[in-house]
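Q: Required output: the full structure, derived from the provided sequences and hints.
One-letter residues, chain by chain:
2 protein chains.
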Amino acid sequence: MFKQLQADLATDHHIHFNDLKLLEEALTQANYINEHPGYKGGDYQRLEFLGDAVMQQSTAVYLFKRFPNWDEGRLTELRISMVQTRAFAALSRELHLDRYVQLGRGEELSGARNRDSLLEDLWEAFIGALFLDQGQEVVMNFLEEMMFVKIDEGFYDQFVDYKSKLQEYLQRHGTVKIAYTKLDEQAISNNEQVFTIQVSVDGKPLATGEGKSTKDAEKMAARKAYQSLMNN
Amino acid sequence: MFKQLQADLATDHHIHFNDLKLLEEALTQANYINEHPGYKGGDYQRLEFLGDAVMQQSTAVYLFKRFPNWDEGRLTELRISMVQTRAFAALSRELHLDRYVQLGRGEELSGARNRDSLLEDLWEAFIGALFLDQGQEVVMNFLEEMMFVKIDEGFYDQFVDYKSKLQEYLQRHGTVKIAYTKLDEQAISNNEQVFTIQVSVDGKPLATGEGKSTKDAEKMAARKAYQSLMNN
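Here the protein sequences line up with chains A and B, keeping their order. Letter 168 of the first sequence, counting from 1, is numbered 168 in UniProt numbering, and no numbers are missing. Letter 223 of the second sequence, counting from 1, is numbered 223 in UniProt numbering, and no numbers are missing.
Just to be clear, a hint being listed does not mean it is correct.
Covered stretches of chain A, going by a simulated chain B footprint (3 or more residues, C-beta under 8 Å) [what the hints assert, rightly or not]: (1) 39 to 48; (2) 60 to 67.
What follows is a list of derived Cβ distance ranges for each label pair [claimed, not checked]: (3) B:R74 - A:S213: 47 to 53 Å; (4) B:N141 - A:T11: 34 to 40 Å; (5) B:Q227 - A:M230: 47 to 53 Å.
In silico EDC-like cross-links for lysine to aspartate or glutamate, where the CA-CA straight-line distance does not exceed 16 Å [to be verified]: (6) A:K165 - A:E94; (7) B:K65 - A:D133; (8) A:K150 - A:E94; (9) A:K40 - A:D19; (10) A:K212 - A:E185; (11) A:K65 - B:D133.
Everything labelled a hint here was simulated from the structure, so no lab data went into it. Each residue gets a CB set at the ideal place from its N, CA and C atoms; glycine is no exception.
A: Okay, structure coming up:
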């Protein structure tokens, strides 16, 4: 089974993973081992310990070099939105680690295979294994291709609460009035509408956002306002 | 001034730090810059962001390889006792970073130069600068020599509350009686005594410890008991 993952890594990512045992360890949960006395390796937890730290450093090094003019506050903020459960779970799914993981029966029945917290652990364990098998440079290249390109696609924005951030920033010197106003609402099909929302502070417009619900449109407006304030 | 630190790094650690500006940035606080318009570099905060992550990974990689039979719980526990304020402050003092830091006047007057939280930041910033100037391998060798050797000297034990750990471990299946009993008390000079304390669980002796106060002797007994239980 892990030969398939090894082959996919070679085809899709040009990574020639050497140690299949290590790959299997990164994708094996403790209770699986208890139930399969024939399995001779370890579970993923030590590799998760390692991979967690490798993810922290790799992300910090990338952001430090990529954004030479950002202060540590902005760097930390972006790192937090990247190095967290939902982002890692999405990466695990993209690599199909959810298909490969060897679970105990109880975990399988309780739906762990689709649980973000398990998929986060698997991502970290996989990165720990990749670091041991291939070294830091391969890990960095792999993360650039899988994870860091998503910064420019706005992927990590979904994990940031921009309405709170905007409010915090605007009220840093005291209370101001922040309003979200609906400017437009258009049907694009029988079931779908697009809303346009404007966010303003003390009556002065900051940005507009669109979305398929007023909530989504507000979030988009808040993100655009926050990011344009940060870039000035 | 930073030429002296550069020279000390070469003499004491065989590190030939290239970029003096980077070394100065790692040891310059934001308010110093405000008060010295002639200073052209940045403050240490971006380097601290970087060094914090480098410390996490370097320590995790070292512990993972050094202790192949430890589970992730023990690895995490030791890492926590190493990667923290008081340990980093001690390392900063050992490298005399407290002498070099350029502080704003207010911070100087408030005693920041001897404050652990500042010295922790400086250690991380210095490691960030070392990583940029010399790369991962030099950082690892430097940490091995400055920091990881201290594991075997028991240096990080002082940051661990072994009495609580022992109690937690012994009571994991329910309440037991843990007792600390004084076995001996000897004067070693006019002002100094050595106490010997035994720790027992439900009347069964686990370990003895010595110390210049009963509190120290208890801590030592708890550490010896905890470590021998962990190694069995």
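Q: Does each hint fit the structure? Answer for all of them.
A: The hints, checked one at a time:
no.: 1; hint: 39 to 48; verdict: holds (count 3)
no.: 2; hint: 60 to 67; verdict: holds (count 3)
no.: 3; hint: B:R74 - A:S213: 47 to 53 Å; verdict: 48 Å, holds
no.: 4; hint: B:N141 - A:T11: 34 to 40 Å; verdict: 37 Å, holds
no.: 5; hint: B:Q227 - A:M230: 47 to 53 Å; verdict: 50 Å, holds
no.: 6; hint: A:K165 - A:E94; verdict: 29 Å, violated
no.: 7; hint: B:K65 - A:D133; verdict: 13 Å, holds
no.: 8; hint: A:K150 - A:E94; verdict: 13 Å, holds
no.: 9; hint: A:K40 - A:D19; verdict: 14 Å, holds
no.: 10; hint: A:K212 - A:E185; verdict: 9 Å, holds
no.: 11; hint: A:K65 - B:D133; verdict: 13 Å, holds
In terms of the numbered hints stated before, the structure departs from hint 6 and from no other.
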